[in-house]
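Number of protein chains: 4
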Amino acid sequence: MSDIQYLINQINQFRDERNWRQFHNPKDLAISISIEAAELLEDFQWISSEEALEKNKENIKEEIADVLIYSLMLCDELGLDVKEIVEEKMGKNGEKYPV
Amino acid sequence: MSDIQYLINQINQFRDERNWRQFHNPKDLAISISIEAAELLEDFQWISSEEALEKNKENIKEEIADVLIYSLMLCDELGLDVKEIVEEKMGKNGEKYPV
Amino acid sequence: MSDIQYLINQINQFRDERNWRQFHNPKDLAISISIEAAELLEDFQWISSEEALEKNKENIKEEIADVLIYSLMLCDELGLDVKEIVEEKMGKNGEKYPV
Amino acid sequence: MSDIQYLINQINQFRDERNWRQFHNPKDLAISISIEAAELLEDFQWISSEEALEKNKENIKEEIADVLIYSLMLCDELGLDVKEIVEEKMGKNGEKYPV
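Chains as they are written, first to last, in UniProt numbering: chain B, 1 to 99; chain U, 1 to 99; chain G, 1 to 99; chain W, 1 to 99.
One thing to keep in mind: the hints can contain errors.
The list treats identical chains as interchangeable, and a pair is accepted whether it falls inside one copy or across any two copies.
Keeping only pairs whose Cα atoms sit at most 27 Å apart, straight-line, the calculated BS3-like set for lysine-lysine is [to be verified]:
#	residue 1	residue 2
1	Lys-89	Lys-57
2	Lys-55	Lys-96
3	Lys-83	Lys-96
4	Lys-55	Lys-92
5	Lys-55	Lys-89
6	Lys-55	Lys-83
7	Lys-96	Lys-57
8	Lys-92	Lys-57
Keep in mind the hints are simulated off the structure, nothing from the lab. Quick caveat: nothing in here was measured; it's all calculated off a predicted structure.
Work out the full structure: start from the sequences and follow the hints.
Printed below as a string of structure tokens:
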């Protein structure tokens, strides 16, 4: 099994043990990604990257993880293949910004 | 090679071909995750999940991909192992929200 | 009439001429504030404050205005007095961060 | 004195009593607006507008106030007249979305 599918399975098991799927509609998952992205950004508020990493490294790790967890949840909910959509977007970015 | 590492390699190659690493400090990567998360959210603005998927499915795919791309870039920049930080955060969430 | 009430009246008139009030529920207004805040942030992505102001001053003005417009709309929708809630929050901040 | 200028004066006095102006560069103020907008959005996460207002009305007031405070700070920092930029943006919106 791929690493990505392994993580999605862990996340789904966690969700289902708590009976949370009922709340996880795509709109609220998108809202949740924005909220977690802002919590990550808060670790850098008023300070430089260097100071942020010195003071908040542990929390930065957790907030990136939260962004990834909700993003994987949304992919799974919409039946999207993570590797496929990332490669497709990279292809499109390559056309937009040629070397 | 894991599929996560495969994607990170693709992303790094894309970045290095354009000589963009100089811009990719952690603070601006965190900013970029927030911006892409908001572009994803825009696909759901004023409408229900159902209407959003009907109207904006293609763009939703692209915006989730952008959130993932910047999140993987930031993990790579900080030397974080994606699988490890997601599993650690799931463990912590499990303590916070027991079954 | 206060200048805040004057702006709210202008905004309400604009909305009502387009029959948009039906879409303006508080949750989607909160979503809209986040989207506009991210569009403002995009003017500063990858660059310093100085470069941002040099390159994007006109757009920065417009994006701050959009954040303010949706924030005033939400206040009006919830029957909140802008001056009152700002003063109350300043009072609370003063207790949290004494001089 | 207008209501808006009165609030800006209160905010500036608060900032100067704490010697915080040194941190308040435009880029970090834009970051702060996004963070506060996401905290507002958090009050609506997973629930409807109605449930949010029932459960979180007090906090919603505070988070809108924070968005307004940072937006007014940024206007003042950039020498922008709030009434003017909002009216200009409404004019532009009117051209984009004719009645």
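Right, here's what the structure says about each hint:
For the homomeric pair Lys-89 and Lys-57, the shortest alpha-carbon distance between copies (14 Å) is at most 27 Å, but the shortest distance inside one copy (29 Å) is not. In the homo-oligomer, the alpha carbons of Lys-55 and Lys-96 lie at most 27 Å apart only across protomers (21 Å), although the nearest pairing inside one protomer, at 37 Å, exceeds that limit. For the identical chains of this complex, Lys-83 and Lys-96 are intra-copy neighbours only, at 20 Å inside a copy versus 31 Å across copies, given an alpha-carbon limit of 27 Å. In the homo-oligomer, the alpha carbons of Lys-55 and Lys-92 lie at most 27 Å apart only across protomers (20 Å), although the nearest pairing inside one protomer, at 37 Å, exceeds that limit.
In this assembly of identical chains, Lys-55 and Lys-89 lie within 27 Å of each other by CA distance solely across copies; the values are 19 Å between and 34 Å within a copy. In this assembly of identical chains, the alpha carbons of Lys-55 and Lys-83 lie at most 27 Å apart only when taken from different copies (23 Å versus 33 Å within one copy). For the identical chains of this complex, Lys-96 and Lys-57 are inter-copy neighbours only, at 20 Å across copies versus 34 Å inside a copy, given an alpha-carbon limit of 27 Å. Taking the shortest Cα distances, Lys-92 and Lys-57 sit within 27 Å of each other only across copies (16 Å), while inside one copy they are farther apart (33 Å).
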